[in-house]
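J.: Use these hints to put chain B onto chain A, whose structure you have.
Next come the chains, spelled out residue by residue.
Number of protein chains: 2
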Amino acid sequence: MYWSKLFIPTLRENPAEAEVASHQLLLRAGYIRQLSAGIYSYLFLAQRSLLKITRIVRQEMDAIGGQEMLLPALHPAEVWQESGRWEVMGANMFRLKDRWQHQLCLGMTHEEVMTAIARGELRSYKQLPQIWYQIQTKFRDEPRPKSGLLRMRQFLMKDSYSFDMDASGLDEAYEKHRRAYCRIFDRCGLKYLVVEAHSGAMGGSQSQEFMAPTEAGEDHVAVCASCGYAANLEKAESEPVAPLAADPPGDLAPHKFHTPGRKTIAEVSAFTGLPETSQIKSLVMVAGGEPVLVLVRGDHSLSETKFAGVAGAPDVRPAHPEEIRERFGADAGSLGPVGIRGMRILADLALAGRRNMIAGANQDDYHLRHVTPGEDFTPEWHDLRQAAEGDRCRNCGKPLELKKTVEIGHIFKLGYKYSESMGLRVLNASGAEVTPIMGSYGIGIERILSAAVESYHDLDGMSLPPAIAPFEVVVTPVNNSDAAQRKAAMEIYRECLAQRLDALLDDRDERPGVKFKDADLIGIPYRITVGKKLAQGKVEVFNRRTRETAAVPTGEAPAFVRNTVS
Amino acid sequence: MYWSKLFIPTLRENPAEAEVASHQLLLRAGYIRQLSAGIYSYLFLAQRSLLKITRIVRQEMDAIGGQEMLLPALHPAEVWQESGRWEVMGANMFRLKDRWQHQLCLGMTHEEVMTAIARGELRSYKQLPQIWYQIQTKFRDEPRPKSGLLRMRQFLMKDSYSFDMDASGLDEAYEKHRRAYCRIFDRCGLKYLVVEAHSGAMGGSQSQEFMAPTEAGEDHVAVCASCGYAANLEKAESEPVAPLAADPPGDLAPHKFHTPGRKTIAEVSAFTGLPETSQIKSLVMVAGGEPVLVLVRGDHSLSETKFAGVAGAPDVRPAHPEEIRERFGADAGSLGPVGIRGMRILADLALAGRRNMIAGANQDDYHLRHVTPGEDFTPEWHDLRQAAEGDRCRNCGKPLELKKTVEIGHIFKLGYKYSESMGLRVLNASGAEVTPIMGSYGIGIERILSAAVESYHDLDGMSLPPAIAPFEVVVTPVNNSDAAQRKAAMEIYRECLAQRLDALLDDRDERPGVKFKDADLIGIPYRITVGKKLAQGKVEVFNRRTRETAAVPTGEAPAFVRNTVS
Chain A
1 MYWSKLFIPT
11 LRENPAEAEV
21 ASHQLLLRAG
31 YIRQLSAGIY
41 SYLFLAQRSL
51 LKITRIVRQE
61 MDAIGGQEML
71 LPALHPAEVW
81 QESGRWEVMG
91 ANMFRLKDRW
101 QHQLCLGMTH
111 EEVMTAIARG
121 ELRSYKQLPQ
131 IWYQIQTKFR
141 DEPRPKSGLL
151 RMRQFLMKDS
161 YSFDMDASGL
171 DEAYEKHRRA
181 YCRIFDRCGL
191 KYLVVEAHSG
201 AMGGSQSQEF
211 MAPTEAGEDH
221 VAVCASCGYA
231 ANLEKAESEP
241 VAPLAADPPG
251 DLAPHKFHTP
261 GRKTIAEVSA
271 FTGLPETSQI
281 KSLVMVAGGE
291 PVLVLVRGDH
301 SLSETKFAGV
311 AGAPDVRPAH
321 PEEIRERFGA
331 DAGSLGPVGI
341 RGMRILADLA
351 LAGRRNMIAG
361 ANQDDYHLRH
371 VTPGEDFTPE
381 WHDLRQAAEG
391 DRCRNCGKPL
401 ELKKTVEIGH
411 IFKLGYKYSE
421 SMGLRVLNAS
431 GAEVTPIMGS
441 YGIGIERILS
451 AAVESYHDLD
461 GMSLPPAIAP
471 FEVVVTPVNN
481 SDAAQRKAAM
491 EIYRECLAQR
501 LDALLDDRDE
511 RPGVKFKDAD
521 LIGIPYRITV
531 GKKLAQGKVE
541 VFNRRTRETA
551 AVPTGEAPAF
561 VRNTVS
Chain B
1001 MYWSKLFIPT
1011 LRENPAEAEV
1021 ASHQLLLRAG
1031 YIRQLSAGIY
1041 SYLFLAQRSL
1051 LKITRIVRQE
1061 MDAIGGQEML
1071 LPALHPAEVW
1081 QESGRWEVMG
1091 ANMFRLKDRW
1101 QHQLCLGMTH
1111 EEVMTAIARG
1121 ELRSYKQLPQ
1131 IWYQIQTKFR
1141 DEPRPKSGLL
1151 RMRQFLMKDS
1161 YSFDMDASGL
1171 DEAYEKHRRA
1181 YCRIFDRCGL
1191 KYLVVEAHSG
1201 AMGGSQSQEF
1211 MAPTEAGEDH
1221 VAVCASCGYA
1231 ANLEKAESEP
1241 VAPLAADPPG
1251 DLAPHKFHTP
1261 GRKTIAEVSA
1271 FTGLPETSQI
1281 KSLVMVAGGE
1291 PVLVLVRGDH
1301 SLSETKFAGV
1311 AGAPDVRPAH
1321 PEEIRERFGA
1331 DAGSLGPVGI
1341 RGMRILADLA
1351 LAGRRNMIAG
1361 ANQDDYHLRH
1371 VTPGEDFTPE
1381 WHDLRQAAEG
1391 DRCRNCGKPL
1401 ELKKTVEIGH
1411 IFKLGYKYSE
1421 SMGLRVLNAS
1431 GAEVTPIMGS
1441 YGIGIERILS
1451 AAVESYHDLD
1461 GMSLPPAIAP
1471 FEVVVTPVNN
1481 SDAAQRKAAM
1491 EIYRECLAQR
1501 LDALLDDRDE
1511 RPGVKFKDAD
1521 LIGIPYRITV
1531 GKKLAQGKVE
1541 VFNRRTRETA
1551 AVPTGEAPAF
1561 VRNTVS
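From first to last, the protein sequence lines stand for chains A and B. In terms of the numbering used here, the first sequence opens at residue 1 and continues consecutively. In terms of the numbering used here, the second sequence opens at residue 1001 and continues consecutively.
Isolated chain A, as found in the complex (with noise of 0.2 Å):
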């Protein structure tokens, strides 16, 4: 294609409304534009990498024997109430009604769509197994929509979903999509790494995320860089440090004293002089509308994750102040687990053993010392607490890092939650009736582009992995109305098409000096650069990463090019 036709609106300087490098630069090297928060139109640029993107992702799907269909954006309500899932999406659904009144929404995924084909259609172990998928748009009325592509209120995903009659099918299936993923994100030349996830509101047991590591991620991830282990923060276990110090003194009996006006758990230790170590951090959770009372060791994180797979209910937060006020009879800062009755009390495996440790007195202003877990209250103990930087791996004892990432792919085991839930049901082989088995699995497509922006690019643009960026290779005459170098550039072009390289011809009258910016900024792999050594038979091919240049003959640098690129 010749640049002097296209549409590529780059911009100077960085929008002032972007944070992170790949909004900056989509919108800079006018990939994209927004429309409304969180939703944007993929220009010529975008498009052209997405096209390619799915290319991909459609290959590695069909090569595992996934079937593509295309299911609705608009769902009926009917089909998200049958799951239970019509108010669990609660804010992140859009809804609407349509001329009759009727309620609608718009898919945010689609398990139940898909379970309910599956549902309308299988009826014997034949059929099986199955795995369907879809490239296609979803919709999540997003409270922060933000960065980008990164986190939007409209996106494409590829999402998939098996059908097995029993768990090692499914296993088979699981481990199908595993591979294909990292042969997706392999050929789309990026970095990343697989994680145990939790499977938050999707329901079912065993689930990975695939995690692109960058600065602008919002998940955060633990890594064991000598054993390989990485979790999703949120579901990592690790070897807390150790308590600062030993077990404080004590009598084993809780003793009431007064903390006037020291709420935090780093106010109390200042005003007893015992270390974070020594204190029982006592949180309140709602759990299907019940309180829990939560309890982790004073310098520790709850994980909302872990308590939620613990509480076994669909709805968890922290409870409001006016809900610890009135079952507590006092403030958030004074609570503690002695004398609770009627509530649950979970505690965190780290304060197992623990003795004469410092809790709040259910009073407002008073703390109770020498508060003994397991003597002075019998709570259910759990995992609970969030790894942190600093702790140790539990395989091996060596120590994580913390990384920020963005996911750009998921698989579940779902289990039978949602053929269980819908009533899907096939005859097996015996001729009773059985509830197969399901997994489900999505990729983020723009999540692909922004995350290889992330990772791939400098002050300059982007220079994105040549499968998935809008051209391998840009011709560029360094003086367009140079007739031999405009000729020569023809030529060159014409060649890298017969090559197969999806070249573009920068035929503009432009000074060299924005035609070489333009090309940076947008993220083309290679230049052939053609310019003043024409004269000795030579061009100068660029490597938009490393930023090398070759000198090469000219009639070889399409082939160069095209075995650089394979």
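In short, the hints are calculated from the structure, not lab data. All residues carry an ideal CB built from backbone N, CA and C; glycine is no exception. One should not assume that every hint holds.
[Unchecked claim] A short list of chain A residues far from chain B (calculated; beta carbon distances all over 12 Å):
(1) Arg-48
(2) His-75
(3) Pro-129
(4) Val-338
(5) Gly-339
(6) Glu-420
[Claimed, not checked] Simulated crosslink set (DSS-like; lysine-lysine; CA at most 30 Å straight-line):
(7) B:Lys-1005 x A:Lys-138
(8) B:Lys-1097 x A:Lys-146
(9) A:Lys-146 x A:Lys-517
(10) B:Lys-1487 x A:Lys-126
(11) B:Lys-1533 x B:Lys-1487
(12) A:Lys-126 x B:Lys-1532
(13) A:Lys-138 x B:Lys-1517
(14) A:Lys-138 x B:Lys-1533
(15) A:Lys-191 x A:Lys-403
(16) A:Lys-97 x B:Lys-1146
(17) A:Lys-146 x B:Lys-1138
(18) A:Lys-5 x B:Lys-1097
(19) B:Lys-1126 x A:Lys-126
(20) A:Lys-487 x B:Lys-1126
(21) A:Lys-138 x B:Lys-1138
(22) A:Lys-487 x A:Lys-517
(23) B:Lys-1487 x A:Lys-97
(24) B:Lys-1146 x A:Lys-126
[To be verified] Pulled a few chain A residues facing chain B out of the computed Cβ check, cut under 7 Å:
(25) Trp-3
(26) Glu-13
(27) Arg-33
(28) Ser-36
(29) Ser-41
(30) Leu-70
(31) Leu-71
(32) Leu-74
(33) Ala-77
(34) Met-89
(35) Ala-91
(36) Ile-117
(37) Asp-141
T.: Chain B only, in chain A's frame:
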């Protein structure tokens, strides 16, 4: 691919809810399933066919220099308010509010968003011309969703938009699209007509529709087999049949007479003994909130589209009975133009020069004789009637034929409607601000599939054109438990793939009748049947559309199909 692994849920019977052939067959052949009124899931076969259609559309759009984009489906109300269409679209537009109570809608089309992008980015004549397109989901809350994929509430469209400096640029973009559309529909194997059309809610001047003739269609087209004139019925111009009798004798002085209980044209004709062609039919329309009296010959019908064009108001409708009573003092069956003041009167050209006609007296149960247009009232003269069977072509005088069709494409010269209302301005070569001129162009992706099914089906199922069939050829061993047949079928299947045929192997353990029936139903254009003749080194190549069978040497069958397809 192996049929045994695929999800192709064929049905034995035509589903009761489906009336038109494409709806019945797409359901029966397992292409689609309904999720809700006018909302369908596209299963494996439909998606495979739709992907082939989009590939053809994309190639031809790229070939005319179209640049692909992807715009959002969710639009803020503001862009539609700017163009004035927020109101015009009425109940056809899906509207919703987000979590911040901002008003949004689902895109019915994208003139507004495209113009907003152009307004933000185009600055100079040097950036023009541009052709931007996308292949994307549209949403329309159809009052009567029906006929499967023919009238849906969510559907795929290729829509493109051209921006030019002047009318001759627009002519060129329009002509490029017209040719591209012909190539697209030709490549998809469709029969179609290109007809003059009205532009409806789109605004603008010239427009043409691409119509596929089918009994399932709800658009009527007038076609002259002799000179090739073709137009949407609402827009078609024609010579009406002459009045059945000469003008009645009379004194040219309107004269009231009693017509008790006679309200319709037919009743008054029977009562007076004069033909319908001697009557003036008086209709009351409301345009822009004002009543307008519209007159056509007694045997003619009003084209509301022509009326809307003449009225020049965005909203036109028939008047309600109460409005008529209030304004005329009589009901609809007794209205006429004589004595009407303070109201626009429009008369169809077929009434010009007529004398002594019959019209209502604006008094219940009374009519007037001897009414002469131009004497007894002074109307504005326009072409307002809808063409009818039996009319003659304006170009060549030969009889027009009326055909039922479905619209598969539409091209519009929008003119300045959107660029002006939304303030798109660029600098011309002399540095002056000018408003670019726009065109908009659409293709219904699913309509192509539906129209193909409507055109090419028989009692056994569909027979799709090879370019858009989900597979080009199916290889069917008659008896899958016969090792020799199985082996030969597999070899033929592999050779088909090597010949770049999109091939399916029917490896199911089914009776041959079932396999043949299924392949006939889903419309695979060619079947290579591996049966008893294998012993003589032959297989059968079956042509689905002609139902002809050719015995071909086993090794030559793939090449035979390859040559036939190409």
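J.: Each hint needs a verdict: does it hold in this structure or not?
T.: Structure-based check of all given hints:
1. Not every beta carbon of chain B lies more than 12 Å from that of Arg-48 of chain A, the smallest distance being close to 7 Å; the non-interface claim is violated.
2. Not every CB of chain B lies more than 12 Å from the CB of His-75 of chain A, the least distance being 7 Å, so the non-interface label is violated.
3. The beta carbon of Pro-129 of chain A sits about 9 Å from the closest Cβ of chain B, which is not more than 12 Å, so the claim that it is off the interface is violated.
4. Every CB of chain B is more than 12 Å from the CB of Val-338 of chain A (nearest about 41 Å), matching its label as outside the interface.
5. With a least beta-carbon separation of about 41 Å from chain B, Gly-339 of chain A lies farther than 12 Å from that chain, consistent with its non-interface assignment.
6. Annotated as non-interface, Glu-420 of chain A keeps its C-beta farther than 12 Å from every C-beta of chain B; the closest such distance is 21 Å.
7. Restraint check for Lys-1005 of chain B and Lys-138 of chain A: satisfied, since their Cα atoms lie roughly 28 Å apart, inside the 30 Å limit.
8. Taking the CA atoms of Lys-1097 of chain B and Lys-146 of chain A, the gap is about 19 Å. The hint holds against a cut of 30 Å.
9. Between Lys-146 of chain A and Lys-517 of chain A the alpha-carbon distance is near 27 Å, which keeps this suggested pair within the 30 Å criterion.
10. Restraint check for Lys-1487 of chain B and Lys-126 of chain A: the C-alpha separation of about 23 Å stays at or below 30 Å, so the hint holds.
11. Taking the CA atoms of Lys-1533 of chain B and Lys-1487 of chain B, the gap is about 14 Å. The hint holds against a cut of 30 Å.
12. As the CA atoms of Lys-126 of chain A and Lys-1532 of chain B are separated by approximately 28 Å, the hinted pair is consistent with the 30 Å bound.
13. A C-alpha spacing of about 38 Å is found between Lys-138 of chain A and Lys-1517 of chain B, which places the hinted pair above 30 Å, so the restraint is violated.
14. A C-alpha spacing of about 52 Å is found between Lys-138 of chain A and Lys-1533 of chain B, which places the hinted pair above 30 Å, so the restraint is violated.
15. For the hint pairing Lys-191 of chain A with Lys-403 of chain A, the CA-to-CA distance comes to about 13 Å; that is within 30 Å, so the pair holds.
16. Using a Cα cut-off of 30 Å, the hinted pair Lys-97 of chain A and Lys-1146 of chain B holds, with the two alpha carbons roughly 19 Å apart.
17. Restraint check for Lys-146 of chain A and Lys-1138 of chain B: the C-alpha separation of about 25 Å stays at or below 30 Å, so the hint holds.
18. Distance hint between Lys-5 of chain A and Lys-1097 of chain B is unfulfilled; the C-alpha atoms sit about 39 Å from each other, more than 30 Å.
19. Simply put, Lys-1126 of chain B and Lys-126 of chain A have alpha-carbon atoms about 62 Å apart, too far for the 30 Å limit, and the pair is violated.
20. Restraint check for Lys-487 of chain A and Lys-1126 of chain B: the C-alpha separation of about 23 Å stays at or below 30 Å, so the hint holds.
21. Distance hint between Lys-138 of chain A and Lys-1138 of chain B is fulfilled; the C-alpha atoms sit about 14 Å from each other, no more than 30 Å.
22. About 23 Å separates the Cα atoms of Lys-487 of chain A and Lys-517 of chain A, which keeps this hinted pair within 30 Å; it holds.
23. Note on Lys-1487 of chain B and Lys-97 of chain A: the hinted pairing is violated, with a Cα-Cα distance of about 56 Å set against a maximum of 30 Å.
24. Taking the CA atoms of Lys-1146 of chain B and Lys-126 of chain A, the gap is near 34 Å; set against the 30 Å cutoff, the hint is violated.
25. For Trp-3 of chain A, the interface hint is violated, the least distance from its beta-carbon to any beta-carbon of chain B being 12 Å, above 7 Å.
26. Look at Glu-13 of chain A: its Cβ only gets to about 15 Å from chain B, farther than 7 Å, so that hint breaks.
27. For Arg-33 of chain A, the suggested interface contact is upheld, since its CB lies about 6 Å from the closest CB of chain B, less than 7 Å.
28. Hint status for Ser-36 of chain A relative to chain B: holds, with the closest Cβ pair at about 4 Å, below 7 Å.
29. Among the interface hints, the one on Ser-41 of chain A holds; its C-beta lies about 5 Å from the nearest C-beta in chain B, closer than the 7 Å criterion.
30. Annotation: Leu-70 of chain A was flagged as interfacial toward chain B, and the flag holds, the nearest CB pair being 4 Å apart, inside 7 Å.
31. Look at Leu-71 of chain A: its Cβ gets to within about 5 Å of chain B, closer than 7 Å, so that hint holds up.
32. Checking Leu-74 of chain A against chain B: minimum C-beta separation of about 5 Å stays under 7 Å; hint holds.
33. The beta carbon of Ala-77 of chain A comes no nearer than 10 Å to any beta carbon in chain B, farther than 7 Å, and the hint placing it at the interface is violated.
34. Nearest Cβ of chain B to the Cβ of Met-89 of chain A: about 12 Å, over the 7 Å cut. The hint is violated.
35. The beta carbon of Ala-91 of chain A is positioned within 7 Å of a beta carbon in chain B (closest approach about 5 Å), and the interface hint is therefore held.
36. Against a cut-off of 7 Å between C-beta atoms, the interface hint on Ile-117 of chain A holds, since the closest Cβ of chain B lies about 6 Å away.
37. Because the smallest distance between the Cβ of Asp-141 of chain A and any Cβ of chain B comes to about 5 Å, under 7 Å, the interface hint for this residue holds.
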